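Asks: Chain by chain, the residues run as shown.
There are 2 protein chains.
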Amino acid sequence: MEKNPDTSLIIIGGAEDKEHDKEILKFIVSLVDVSKDQIVVATVASEEPKKAREKYNKVFKELGVANIKTLNIDKRLDAFDQKNIELIKTADLIFFTGGDQLRITSILGGTPIYDEMKRASKRECYFVGTSAGASVMSTTMIIGGKDEDSPRKCTIKMAPGLGLIDEVIIDQHFSQRGRIGRLLAAVAQNPQILGIGIDEDTAIVVNKENKLKVIGNGSVYIVDGSEITYSNVSEQFSDEILSMYNVKVHVLTKNKMFDLTAKVHFEEAKEKNENNK
Amino acid sequence: MEKNPDTSLIIIGGAEDKEHDKEILKFIVSLVDVSKDQIVVATVASEEPKKAREKYNKVFKELGVANIKTLNIDKRLDAFDQKNIELIKTADLIFFTGGDQLRITSILGGTPIYDEMKRASKRECYFVGTSAGASVMSTTMIIGGKDEDSPRKCTIKMAPGLGLIDEVIIDQHFSQRGRIGRLLAAVAQNPQILGIGIDEDTAIVVNKENKLKVIGNGSVYIVDGSEITYSNVSEQFSDEILSMYNVKVHVLTKNKMFDLTAKVHFEEAKEKNENNK
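Protein chains in written order, with the working numbering: chain A, 1 to 277; chain B, 1 to 277.
Here chain A stands alone, though its shape is the one from the complex (with noise of 0.2 angstroms):
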């Protein structure tokens, strides 16, 4: 399989269309050759990973895939296991399903099986997560915080993530559980860390060149924190409520772009360049 230089992740926001339209599924399944190429089913972060498997594996049937394979851990001595590591080995393409972003990397960091999923994202295999497998593609993850709350320090939790993506934040069912609050909590701790909050149903491809498109039907939020002028995040009660100046903040929807390095906006990437002619 050649990898399209276009698409290297894909990070869904949880609650992707599966009955319907299927968009950002039916997307996913034309990166591959459906009549051979291997597609993963990671159902490591679910509790229920019986149910997480029946339901991929019937929608990328009925989408034409002729290759599913469910890699099934549930503990970390699976993730020693020969036959766990082949299915990696010989992956086009992983789907990390939901549950808890904690359960992945608890369970596969430090094995052989991790060192494997490193060695594939530098071949010609894409990693796709949602919800929970969203969030654990970045370097630094969020595991926990209060929904629906002013951003306040103490109640955003953090730990390493898998590392497939670096200097992002990723937060999941964005506007579907008002998240807003922890992903500013979390970015104004390390402003040099982009916020990304991706709805349910909404997803975002990124390329080799570290650029997003968006696909589905919702939005995406891009929190920049690197031109705050001031916030309280280090200061002594960790129980009051955050407050920053100058977060820069954009919200995408479907086909907009974003530069991840250069921190901007396609519109505003063309018109630099343009400048600069």
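Treat each hint with caution, since some may be false.
Here's a subset of chain B near chain A, in silico, CB distances under 10 angstroms, partners left out [to be verified]:
| no. | residue |
| --- | --- |
| 1 | Leu77 |
| 2 | Ala186 |
| 3 | Gly225 |
Cross-link-like lysine-lysine pairs, in silico, DSBU-like; alpha carbons within 30 angstroms at most [to be verified]:
| no. | chain 1 | residue 1 | chain 2 | residue 2 |
| --- | --- | --- | --- | --- |
| 4 | A | Lys69 | A | Lys146 |
| 5 | B | Lys51 | A | Lys118 |
| 6 | A | Lys58 | A | Lys75 |
| 7 | B | Lys83 | A | Lys263 |
| 8 | A | Lys89 | B | Lys263 |
| 9 | A | Lys211 | B | Lys122 |
| 10 | A | Lys26 | A | Lys213 |
| 11 | B | Lys122 | A | Lys122 |
| 12 | A | Lys61 | A | Lys118 |
| 13 | A | Lys118 | B | Lys211 |
| 14 | A | Lys61 | A | Lys213 |
| 15 | A | Lys213 | B | Lys208 |
| 16 | A | Lys118 | B | Lys36 |
| 17 | B | Lys51 | B | Lys36 |
No lab work stands behind these hints: they were computed from the structure.
Treat the numbers as computed from the prediction; the structure is a model and nothing was measured.
We put the CB at the ideal spot given by N, CA and C, even for glycine.
Given chain A's structure and the hints, the job is docking chain B onto it.
Replies: Okay, now just chain B, sitting in the frame of chain A:
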């Protein structure tokens, strides 16, 4: 200045001796040409930057350093100041004092000075950090957690750090504050990450090949979770005490070496090498 290939980062567990043998600070000074190389003392972590500045200026002067500058940034706007950026451009060694690691990232993250530091880390400039300045070195850092407690998920707090060293997490004042529990809790969340607990008046010297050597008067704990066969870190109740099986712990003292990539101590590496002959 030509950088010593054996040294890239010096990470100190806090409270390095400044009165008696001054082993760690003498080592640091030995890296530079005291007659002209510029040491920049970055007091950004500290709530009392004046005290920190005076303390380090005094001891570096006693050790013969002629060119000592202070990077005195206590709000984000200072990190956009050209004068401060110039200090980093001309630095031969940057020394981060103690305080609160979250001050460093929340004030410097996403600013031009952060970019300048990244450039400095790629040229012949040494980075040194003590206490909070030690924690901040890694890609994901510990920002809080209960001392002298069993490992518990609910108490450990992490955030994105400066990213000068990857796939490790650093804790300081390690034996003095009883921090093995919180370091274990961090490692269990993603055993890909090696935990490094550094005692007071003790430091690790990390070279370009990601090998460390211990200096100073205490011990350095290495917590390797890669062979953990089971942990309950992703299970339901976050105030439960963690259980985990099969964590590998190394305790290193002065002159001991450890390969952070291969996750083996020096003697083991030598043995493997000889077996391969």
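Asks: Which earlier hints turn out false for this structure, listed by number in ascending order?
Replies: 4, 5, 15 and 16
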